[in-house]
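K.L.:
Using the hints, position chain Y against chain R.
There are 2 protein chains.
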Amino acid sequence: MVKVNWMNGIIEPKVNVEIESGKLSGEKVIEVTKRLKDLENIFSAENIRKEMTQDKIVYEVQAHLPVAEGTAAGLFFGTTIIHQGKVGNEYFMTKGHLHKKSDRAEYYWGIKGEGMLLLMDRDRNTWAEKMYKGSLHYIDADIAHRTVNIGDGKLIFGACWLSDAGHNYDEILMNGFSARLIEKDGKPNLVPA
Amino acid sequence: MVKVNWMNGIIEPKVNVEIESGKLSGEKVIEVTKRLKDLENIFSAENIRKEMTQDKIVYEVQAHLPVAEGTAAGLFFGTTIIHQGKVGNEYFMTKGHLHKKSDRAEYYWGIKGEGMLLLMDRDRNTWAEKMYKGSLHYIDADIAHRTVNIGDGKLIFGACWLSDAGHNYDEILMNGFSARLIEKDGKPNLVPA
Numbered sequence: 176m177v178k179v180n181w182m183n184g185i186i187e188p189k190v191n192v193e194i195e196s197g198k199l200s201g202e203k204v205i206e207v208t209k210r211l212k213d214l215e216n217i218f219s220a221e222n223i224r225k226e227m228t229q230d231k232i233v234y235e236v237q238a239h240l241p242v243a244e245g246t247a248a249g250l251f252f253g254t255t256i257i258h259q260g261k262v263g264n265e266y267f268m269t270k271g272h273l274h275k276k277s278d279r280a281e282y283y284w285g286i287k288g289e290g291m292l293l294l295m296d297r298d299r300n301t302w303a304e305k306m307y308k309g310s311l312h313y314i315d316a317d318i319a320h321r322t323v324n325i326g327d328g329k330l331i332f333g334a335c336w337l338s339d340a341g342h343n344y345d346e347i348l349m350n351g352f353s354a355r356l357i358e359k360d361g362k363p364n365l366v367p368a
Numbered sequence: 176m177v178k179v180n181w182m183n184g185i186i187e188p189k190v191n192v193e194i195e196s197g198k199l200s201g202e203k204v205i206e207v208t209k210r211l212k213d214l215e216n217i218f219s220a221e222n223i224r225k226e227m228t229q230d231k232i233v234y235e236v237q238a239h240l241p242v243a244e245g246t247a248a249g250l251f252f253g254t255t256i257i258h259q260g261k262v263g264n265e266y267f268m269t270k271g272h273l274h275k276k277s278d279r280a281e282y283y284w285g286i287k288g289e290g291m292l293l294l295m296d297r298d299r300n301t302w303a304e305k306m307y308k309g310s311l312h313y314i315d316a317d318i319a320h321r322t323v324n325i326g327d328g329k330l331i332f333g334a335c336w337l338s339d340a341g342h343n344y345d346e347i348l349m350n351g352f353s354a355r356l357i358e359k360d361g362k363p364n365l366v367p368a
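Residue numbers (this note's numbering), protein chains in the order written: chain R, 176 to 368; chain Y, 176 to 368.
Note that these hints are calculated values from the structure, not bench results. Predicted, not measured: the structure shown is a model, and the values here were computed from it.
Pairs of lysine-lysine, PhoX-like flavour, derived with a Cα cap of 20 Å: (1) Y:305 - R:189; (2) R:308 - Y:308; (3) R:308 - Y:189; (4) R:203 - Y:305; (5) Y:198 - R:308; (6) Y:308 - R:198; (7) R:287 - Y:198; (8) Y:189 - R:305; (9) Y:305 - R:198; (10) Y:231 - Y:261; (11) R:305 - Y:203; (12) Y:287 - R:189.
Just some of the chain R residues that point at chain Y, by a computed CB distance under 10 Å: (13) 239; (14) 247; (15) 293; (16) 302; (17) 305; (18) 312.
Just so it is clear, CB atoms sit at the ideal spot from N, CA and C, and this is done for glycine as well.
Next comes chain R alone, as it looks inside the complex (with noise of 0.2 Å):
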């Protein structure tokens, strides 16, 4: 926010977000796109995965950095585009994690498609929350989490987080989440992983 006086005193935003598809556009928004050959040893099917496509992508991810990353009490503004298909019988989805500084909550919200939003507590309690255009969701402190997509299109979704939170994606990537979304008789199955 640039500082004017009255005079000349009515602006336009710097950031834009389009409310039916999440797309951020204007200053000090960032994109992050993750492919096959980024997402080693995530999937169940790790041998399945490797011979996909490498360059196939599963997930993007655009967010509103208004101020530096770590800074104290600032939050920032994000969209997540999640690409529709397997890896064996394993829904797309995102690495998951916990934030650096493990108390620092998040709220994501439902745009379009349909998803699971794998939540697990520190004692490797496993729960999925459905996600759909206009859910909810309220990231507690010290839960992991994770999005899938289970719908037969993108799944879309916003976030909002603090910008001291960080991410923790090593946690996950050594110690994964106890279940996994997996697709049985057409329908999403929480199992033990």
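P.N.:
Relative to the frame of chain R, chain Y by itself:
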């Protein structure tokens, strides 16, 4: 979030937000309505406000409060509707506030209608960002903020803020913003207060 193990681990979200209207429903959602009678000494023409229908709604707020107010590192999520109207030639608007912990940031995003986000720094520089469907606004540390409906219908916007931010209304109630949005020739003008 209720913890369950993987055996019965797929659950419904506890709260929903309508993407097109911002309407919240579900657990831990509170609602506040502000009428003309609740907004003494907010508008320039207090004499006119006093003579208007006191029960007329100026704005309505819904908020999802999943943790106690004051909780560190948590978040709240809300929707505000400002009705169309004016007090004299000043548009309907919110009371405006700083955060009690004044370094806490907040996001606003326009959902429907046409508005202005009035922002004022500690040196009493005031400026306004245009709000419309899809506008995204990062309200930085130590910036007082007030929203104004300049359109022909309702202004609706979403918000996400820290659960330990709190609200400081007193400073604005005592000293106001240094500028006001006044209709002149059918258009909003930012004029010194």
